[in-house]
Structures are given as structure tokens and as C-alpha cells.
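Residue numbers (the working numbering), protein chains in the order written: chain A, -2 to 368; chain B, 7 to 207; chain C, 18 to 316.
Keep in mind the hints are simulated off the structure, nothing from the lab. Watch out, some of these pointers could steer you wrong.
[Said to hold, decoys possible] Residues from chain A that face chain C, not an exhaustive set, calculated with beta carbons under 8 Å: (1) Gly66; (2) Thr80; (3) Thr105; (4) Val237.
[Stated by the list, open to error] Here are a few chain B residues that face chain C, going by a calculated C-beta distance under 10 Å: (5) Ser39; (6) Val44; (7) Leu68; (8) Pro148; (9) Gly153; (10) Pro154; (11) Glu179; (12) Phe182; (13) Thr203; (14) Gly205; (15) Trp207.
Yeah, the Cβ is synthetic: ideal placement off N, Cα and C, and Gly gets one too.
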Amino acid sequence: MYVAVKGGERAIEASHRLLEAERRGDPAVPELSTRQVSEQLPRAVDRVMAEGSLYDRELAALAIRQAAGDLVEAIFLLRAYRTTLPRLGNSEPVDTARMLVRRRISATFKDVPGGQILGPTPDYTHRLLDFRLADVSATDPAQRDDTVQRDRLPPREEPMPRVMDLLGREGLVEEETTAADEGQPPADITREPLRFPAGRDARLQVLARGDEGFLLALGYASQRGFSNTHPFAGEIRYGVVAVSIVPEELGFAIDIGEIELTEVQMVNQFAGSDTAPPQFTRGYGLVFGHQERKAMSMALVDRSLRGRELGEAADSPTEDEEFVLYHSDNVEASGFVQHLKLPHYVDFQSELELLRRLRSEFDPPSAQAAE
Amino acid sequence: MPGPGGALDLRPGFGDPVADSQSVFRAVLAAMSEPGTVRTVAVEMDAPAPLHPATAAVCLALMDFETPVWLDAAACTGAVRTWLRFHCGCPLVADPAAARFAVAADPVTLPRLDCFSVGSEAYPDEGATLVLQVGSLDGGMPVTLSGPGIPGEHGFGPEDVTRDFWLQRRAFEDLFPQGLDLVFTSGVGLAALPRSTLGRW
Amino acid sequence: MTRVSTAARDGGYTFAYLDEQTKRMVRRAILKAVAIPGYQVPFASREMPLPFGWGTGGIQVTASIIGRDDTLKVIDQGADDTVNAVSIRAFFARTAGVPTTTRTQDATIIQTRHRIPETPLRAGQILVYQVPIPEPLRWLEPREAETRRMHALQEYGVMHVRLYEDIARYGHIATSYDYPVRVNGRYLMRPSPIPKFDNPKMDRSPALQLFGAGREKRIYAVPPHTGVRSLDFDDHPFEVQKWDQACALCGSTASFLDEIVTDNQGGRMFVCSDTDHCETRVRAGHVESAAGGRDPGGP
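Whole structure, please, built from the sequences with the hints as guidance.
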């Protein structure tokens, strides 16, 4: 006789044990420490912090270990943890003009005040596998000269003006107004669900923690004619900025720490309209850590999403606010795609019943013709 | 005696914030689900005058920094303002149209209902919730309620609610889904009238 | 088997996981949802430790309403023992320490995915639905800005047209689950992917019905004693699925049946989807039908 399937609880427990064994791998191999991950996989940590919406290198590294290197899963872990944190206050806006830069380049001018600073970048490496890394002893700092340590010196001390501000002085690039300039508090997508049309503040927040792969694909599509924004990389900078808050009892700002950011300002053509002369427009990208691919993609998509406001045709998916904003969060997307693994047999049974009925009622055209 | 509005005048909030908030919310939810039925707030409350325990409990359970609150003249005492600011952190607004919640300790003098936000066509949920503190949840002008949450009809007649108020509310029924949701409080009792409820007399 | 099991709460988390500010925000949304039956209230859904699409909306609703006096039942596909139901029940046992049960009549809160229990609900119970896509017009119009306008103006003709196209093509409506309903004569509402078999149970139920869509950040509700009408036409009235078989375990002929494939030759049998309903009937002495309910296979 058939007995209804039981034992979901035991199955889950067994599955968790198998998962942990898979994560740990061969126990004969020493386990990675969280510190090793945060120090030696910094780009993975950056991505998890950015899309996880939580700046904490150690927690992000822990999440990466726990997720066995699955970064989208690590992002999810960090987001779920974020839900449990109380909000103690809001920081002042960070000032990227005061960023202590490690890297800063402009593709629009040969030289700029402060100079082009290549900094750490894989851009001009040859992508050849470095087999020396395979031998850990060869890369052990103890075995190498002290240039590694010297190269990790803090960034340049003096702040550097932004390239876009130079164009702004000539009126060649649009002025930017923020919600704060208009006396409005900025949107907060973690406290208010999106509404459409969304403001640029809400859009940028969604993009800042949007999936890197999705934004990369959209940004790429915008370069290939799905939206046409003629972008130039006005400035890309990466470095450290101070975060400050104004405690109610003090009434003035105090620094509470510093974070690494990558900022991208794209300069885009704009033909002008009935009410505005031709002028450059901007696309903006800002991401935790050192993530130029993500920040550039974000800037491209930001500019595409401004199509309607700038009176452009705006008929590509990259210019469609609902399409982009509703589908860029990988925690939402991953959950919903993978929920198809959950049982759906009640719905399927309903469809099965319907399909059998439709098929039994079906009168094939050949049968009709034969009559 | 501590001075008016002074720190020592601050009445306590919930004794057990997690459990008390939940229990008061469930009372409001049950009241809103079955309009006109009376529920009891089963938590200890040392409310600042002139708020009744149920009024104060509803404030603590539902209001915070995300909800601008409007107080009528009777409720707008120093003790109430200090208490709300301290325990709920809610912004207090003078313009009723800007309020998500309105608390009236003397509903007889309530301004016209169209002073309050009824939400928009696309977002009717932005319509305000009015907490109306009355002398008693019965003994006033009897009104027959019908609509969602009510099997058939239900009689309801809180004190201190004028015929003019009921007339204004009846006119609001045509605005549905825009509208105002009402919570009547008295002592430790409360009853609710969501905008979906029809009132006749 | 004990009727109600209790578990010790994990003190490392706040009661029911959500912080108090989040609960207040969800509670305010629930109250507005009850006040405007069938209308989708936007809420600032949080990331939960379970994935979006796996019941985060229902979980946030349950976490915001549940108290120490509640007894929770969680079902998926009608069953208490499906892995996701087990997982969600364990989540609340751990974070809220509330008693849990598999018995429909013993529960004060029932969180469900894809079914309404066969046992009629009573006044005071709350049924919490997990909702993947809350917008009934979504397949007809992908844009939120546009569907909001259609709801405001009650522009629901497109849904009738869609259903009527089925009739023109197949002779009857070919929607078998997530079948659209009209709440209290006003809002068009998606009942979540329950089979249309369950739709009549929503109408004038004495229980409060709450719907949570976490990923889509919407909450909606049907208050008790509220009319819920499945869309239909005068000449094509709404009807629910029927089976030729009875449940192979309890012999029920009035419940929604799951089809179980029993061998490689396509043999199959039908059993109740609602495991509590089925077990209760078996305990009460109902036995499988004489033929064992077995169907030797399709034609």
C-alpha cells in the first residue's frame, strides 16, 4: 500500500550535513581563514559588500567562505544579516572630491590637474596564467623583497578635484541637482518600495547594489545600439573616503570611519532640446570597493535610464525603468528563478487535469475533413 | 510634582515592547477585520493625560519615525508630545493633510474630514488612520454597519461622535478606495471602522 | 503523534526574526490591506534568511502578526511535511518559539503555499498565503504604472477578454490555478497559485486571509465574511475540478487529489493533497476505497 512521503525534516538535516562536507572539501587541506579571504580575495569581498549592501570586509569574507565561493549566495547571506541590524543614524553624503585616491584616470583629457594615476589595475597585464602563483612558497611575502609591503602604502594624502567639475565650470556639462538640493530627503529603497516613475536617487541606489553581470550586459547593450548614449569615461577614481555623521546631541559632523569606493563619471552627448542648448550629460556610477567594471556599467545604465527625462526616444530595454530596476537585484532574481525547485505539484495536477480534458475534447482537423 | 513636559513627567511605554506591541496590533487587526466589534487592549498602560490606555497603546504599537502624527488640541499637551517623541520618535505635524495618523482626544471638535489625506487613486493606502478617543464605545448615535468583515449588519454607536461626522463619513464612502480608516478608543476598549464599511441610520 | 509541538526559542534573534520597526511597518501595511480588501499595499519588504520566491512575503506577514499565544501550522501543496513547509515551520519554532501543529483546527495562524485546507476555517483563524506574483493583470500588462491605473479605473475588461478567448478556443475557461477573483465587487485579485478548486473556500470565509508577496513587496487581504467571486460568464459559470477517483488512503471524494506515479509502466493513484485532512479521516475510520483507488493507467 502507498504510504504518503514523510521525513522532510530528516532529509533537510542530512542535506545540510552533505553541504557542509562539500564546502569544507578535503579535510587534509588546511581550512581557509576569514582573514585570508578578506586579504587575498579583495575583489570578491568588494562585490559581496556592494551587492550585499553592507560594508564589512570580515563579514563579507565569512559569507564567501560559508557560501563556498558562490558570490551571489554570499551576497544573499549578507543581505539577510543586514535585515537584523537596527538603523542608528544616517551618514552625511560622502564627498568624493575629497577622496584619497589610489587610482584615477580620465579618458577624455590627455592630462588633468592631479595627473593620471594608473594605480593598481589589471588593464595592461597580459592575461597569462602566472604559474609562479601555483607554488605558494614562491609568493610567500617572507620569500620576497619588501616591495609588496611598500606598494601597500596608504593612498596619496592630498584630495584631487574631479574632472567633471572642470567641464562644469565652462557650462559644457549639465548641472547636477540632488534631492538634498531641493530640500528633499533622498529616497531609501531599503525602507520604501519602488514607485514609478522612480527618482534618480532611487534608481542609483538600485543600480549600486544591482547584479554586476546584469548591469554589465545592459551597459554593453547600450553601447551596441539598444539606447545610444555616446559615452566617454570622463573620470574613474578609486580610493578612500571618510564617512561622517552628525549626532543630534553634538550638532556637527564627526568621522566614524572610512570606506573604499570606486566612482565613475561618464560624459555623454546630448543634442539639446527646445528648452536646452546642446550640452554634455552625465552617467554616474558609485560602488563599494574597487569595482570598475561594475561602476562603469552602472554609469552607462544610469545615463540610459535618463533617456525619457532628456526627451530621447527611450524605447530600448536599457532605457525602460521598470525593466531595469525590477530585475537588477540578484537576491530577488536568484530566489525566484530557483523557487522553481519547490514542489508545484498541486498546480501541475490542475494543469494535467485540464490538459487531459482539452485533449479528450480535441477534434483534429483531419478527422473533421474525413467526415 | 515634576514640571509640565519635564523629563520626570515622562510616562513609561510598554512594559514588554515586543509582546505588548504584538498583542495591541492583533487587537487592532481584529477590530479592523470585523468593523464595529469591540476589542480589549490587554496590556498595562500608564498613559499620559488625557490619553486613555487604549489610545496610548495604539500609538505605541503603530507609530514611529516613518509616520507623521497630527494631534488635536485636546491631545496636544506637553506630556503627550514628549511621550510620543520619546517612545515613538514620530514627527508631530500641524498640518492634518501631512499626517499618516491623527489622534483626537476630543472628536466633537474634529476638523472636517477632508482636511486629512485620503490617499491617491493609484495609492489609496496613503489615506490616514484616525484614532478617535471617545467617552464610551456605545451609547452614542446608533449607526448600522455593513460591508467587508460584517456578516449581514452590525449596530455601532460610539459616544462623542456627531451626526455631522457620520454625514461627512457617509459622503466619503463614494471616494472608495480612497478614504480614512478610523479606530475608536475608550478606556481599554477599541473598535475600528475601515473605509470599506458602509454606515446607515 | 502529538497535536502540538513546542520548541525553545533561539535567543540570538529578536522574537520572530524581524526587528520591531520592520514589524510596525508590515503591520501598518496589513491594516491598510484589510481596510481596502483586495488592494495591493506596497511595503518595504526585507531580505529574509530564506530566498525570495520561497515564501518571504508570507514569512514577513506571519512574523509580524504572530505572538506567544499563537499556534502555527505551515503547509506547502496542502502538506505539512513537504521540505519547504518543514523549513518555514522550523524557522518560526527557532526564532519565535511558538507551538506548531499539523492540525488545521488547532492552529490560530496557517501559513500556506498553493492550497487552502479542506477543513473549513473558523472565525479568529488567520490564513497567510505566500504569493509569487500579486498582480492579476501582470501577464496582460507588464508595467506596474499601467496596472495601477487599470485598478484605479477598474479597467478589468482585458481579463474577461482573455478568459473569453479560452472559451472561444476550447469551449471553456482554461485557467486551472491562480484563477482571478473579484473582492467585494471592487478589486481584481490574484488568489496566489491555489487550484481553482480552492477558490470557493475564499468566499465569505469566517477567517481573515492575508497575502504576502516578499519579492514583489506587496501585501493584500480579504477580511472575514467578504465576498470573493471567481470571474465567469452567464453562459459559462465558474466550476471547479472533479476527479473520477476517490483518495486511495481515506476514500475522500470531496478533496483535491494529488496524482502519484507508482511504477515505470505509468500506473498511478490519487491521494488527498491535504495531509491533515487525510490523516484525520483515516484515524476516524475511513479506509481506502475497495479498488484501492488505483488507476491502472491512462488510456
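Each hint tested on the structure:
1. The beta carbon of Gly66/A comes no nearer than 18 Å to any beta carbon in chain C, farther than 8 Å, and the hint placing it at the interface is violated.
2. At a threshold of 8 Å, the smallest CB-CB gap from Thr80/A to chain C is about 4 Å, leaving the interface hint in force.
3. Restraint check, Thr105/A versus chain C: the minimum CB separation of about 36 Å is more than 8 Å; hint violated.
4. The beta carbon of Val237/A comes no nearer than 28 Å to any beta carbon in chain C, farther than 8 Å, and the hint placing it at the interface is violated.
5. The closest approach between the C-beta of Ser39/B and any C-beta of chain C is roughly 5 Å, which is under the 10 Å cut-off, so the hint is satisfied.
6. At about 15 Å, the closest approach between the beta carbon of Val44/B and any beta carbon in chain C exceeds 10 Å, and the interface hint on this residue is violated.
7. Annotation: interface hint on Leu68/B holds; nearest CB of chain C at approximately 6 Å, less than 10 Å.
8. At about 21 Å, the closest approach between the beta carbon of Pro148/B and any beta carbon in chain C exceeds 10 Å, and the interface hint on this residue is violated.
9. Among the interface hints, the one on Gly153/B holds; its C-beta lies about 7 Å from the nearest C-beta in chain C, closer than the 10 Å criterion.
10. About 4 Å separates the beta-carbon of Pro154/B from the nearest beta-carbon of chain C, less than 10 Å, and the hint is met.
11. For Glu179/B, the interface hint is violated, since its Cβ never comes within 10 Å of a Cβ in chain C; the closest pair sits about 12 Å apart.
12. The beta carbon of Phe182/B comes within 7 Å of a beta carbon in chain C, closer than 10 Å, and the hint placing it at the interface holds.
13. Proximity of Thr203/B to chain C holds as hinted, the smallest CB-CB distance being about 9 Å (cut-off 10 Å).
14. Proximity of Gly205/B to chain C is violated relative to the hint, the smallest CB-CB distance being about 14 Å (cut-off 10 Å).
15. Using the Cβ-Cβ criterion of 10 Å, the hint placing Trp207/B at the interface with chain C is not satisfied: the shortest such distance is roughly 21 Å.
The structure shown violates the earlier hints numbered 1, 3, 4, 6, 8, 11, 14, 15.
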